[in-house]
Amino acid sequence: MDFWDILNYLAWIVSAILLAWMVIDTFKVSAEYSEDYLLSSREGEDIIPEDDDNG
Amino acid sequence: MANGETAASAGGGEQRLQLLKVLGPVHVWALGVGIVLVGEFMGWNFTVGKGGPEASLIACWFIGLLYTCVAMVDSEVTSTVAAAGGQYAQAKHIIGPLMAFNVALYLVLAYTMLEAADALVVGDLMSQTAAEFGHTGLDPKPYVVLSIAALAWLNYRGVAITLNVNFVITFIAFVSIVVLFFAAQPWDLGAVMHHEELMVGLPYGWIGVVAALQFGMWYYLGIEGTTQAAEETRSTRRSLPLGTMTGMITLLIAATLTWYVASGLLPWQYLGQAGVPLFDTARVLGIPWITGFLFIGTAFSALASANGTINDASRAWFSLGRDRYLPRVFGAVHPRYRTPFRSIVFLIPVAISFGFTGLLDQVITFSILSGLLGYTFMTFNMVKFRRQWPIGSIDRGYVHPFHPLPVITLFILCVATYFATFLGYGKTLLSVMAFYIVISVWFHFRRYQFVERGSQFTMPWPRPQGF
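Protein chains in written order, with the numbering used here: chain A, -5 to 49; chain B, 455 to 921.
Calculated from the structure, these hints are not laboratory results.
One thing to keep in mind: the hints can contain errors.
Facing chain A, from chain B, some residues (calculated, C-beta under 7 Å) [to be verified]: (1) His589; (2) Pro596; (3) Ala603; (4) Trp607; (5) Pro789; (6) Val799.
What follows is a list of derived Cβ distance ranges for each label pair [unchecked claim]: (7) B/Trp641 <-> A/Trp6: 45 to 51 Å; (8) A/Glu26 <-> B/Pro781: 54 to 60 Å; (9) B/Trp896 <-> A/Ser24: 25 to 31 Å.
It should be emphasised that the depicted structure is a prediction, and the values quoted were computed from it without experimental measurement.
Yeah, the Cβ is synthetic: ideal placement off N, Cα and C, and Gly gets one too.
Assemble the whole structure, with the sequences as input and the hints as a guide.
This is the structure in structure tokens:
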């Protein structure tokens, strides 16, 4: 097994971690918050955000 | 409501989640140019194969005119529509739900397929790099998946970080084109570049010029994606037109520089079928650090494009969900990151499956045709917009000049490009048309009954003239 084979496995592992993180977070958020709240967005409402928590 | 600490107040004490308004003109530029710039690194050169180098330059400028019209028309309408979904939101308010549904699908499919094509490019670049180091036959699939997963994760975590990253990698890719241009010593014609010997006129005549129009779209395909950021810009009226128009100017410069350097160094027979023409041009130049820089530029341009297309496809999908054109679950906003998280996650396997087909040609053609259908819609949209909301009746951040000349020009160029596509990909063109007709029938007879007709129009617009 050379460097490129290891890199291939590494790419699969990192991809799996990132995908799993997103799926788990999606389920966690959906369980933690009410559906009405998550779907409360409306177009055309010019609202200034109260915080800039943007990852 | 479990937690309202990150919510925005919509007035009257009601807590609502909105997409985060943090973007400025620089982010809009990064989104538009980021999606497109990969087209200067590959794809545009098939125009040379269709009609020779001079036909490629004509296609570059004529399609540049098409996209300048697109940018002007889009900027005017979007400066009044502060809504995600871009052309979808425009179509919904100006034409009607069926057009809006189709436009949103053009957007989602065009961007998701472009994303897959970009990821395929990253995979191919990794395979080529491995081959250079003696490891032939490297499987590109892990890198296709990694590109999509990493960029989707970035998009999931926030729009500001996504477009900040896009600005940096797009800017580096643009600088690599400028550096290549100056390294070819344009001030000393004949020293490095040899246009006099390499220009061959029009080997296939004027029909070759028309045929070149289809791939000429690669120079600019995706700049209209800036409108998807409308709901997330701090000042839509100012940022959207400014970011879009400066993006278009950047692309016109990049496209012309790209054509000039590549056609002055590579014979047209090779250039017309090259996979990575700008990287090949750097290799012919023979300066190692510039070759390395162009490799980085090529990879960064593909990643920037995939990053921007994930942003745009997810906003269009999100808008469809929010208006119940699709199941409403897709209209959810992440309470912490304020991104359309379910739409982002849902489109990941779609993009990966397009990427795994490996059919780059077909994927690109479907993407181009979906884009072209969207531009054709813009012509009708603009005429109706000016009729129903004349100048002065609605607050516009930007008014495009010489109306209706840009609309007429856009329509004529779209028809010419349809004809060009029919010459090369007639079956694909008809298949795409048939697909959208079938999906329209489904939407009209099946899906539209679930749409809450009154609640989909929440923009504070005045009543249109004649109603």
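To see whether the hints hold, each was checked on the structure:
The beta carbon of B/His589 comes within 4 Å of a beta carbon in chain A, closer than 7 Å, and the hint placing it at the interface holds. Because the smallest distance between the Cβ of B/Pro596 and any Cβ of chain A comes to about 4 Å, under 7 Å, the interface hint for this residue holds. A least Cβ separation of about 4 Å between B/Ala603 and chain A falls short of the 7 Å threshold, and the interface hint therefore holds. At its closest, the beta carbon of B/Trp607 sits 5 Å from a beta carbon of chain A; the interface hint therefore holds under the 7 Å criterion.
Against a cut-off of 7 Å between C-beta atoms, the interface hint on B/Pro789 holds, since the closest Cβ of chain A lies about 6 Å away. The beta carbon of B/Val799 is positioned within 7 Å of a beta carbon in chain A (closest approach about 5 Å), and the interface hint is therefore held. Against the hinted window of 45 to 51 Å, the Cβ-Cβ separation of B/Trp641 and A/Trp6 comes to about 49 Å, which satisfies the hint. Roughly 21 Å separates the CB atoms of A/Glu26 and B/Pro781, a value that falls outside the hinted 54 to 60 Å.
About 28 Å separates the C-beta atoms of B/Trp896 and A/Ser24, a value consistent with the hinted range of 25 to 31 Å.
Checked against the numbered hints above, the structure violates only hint 8.
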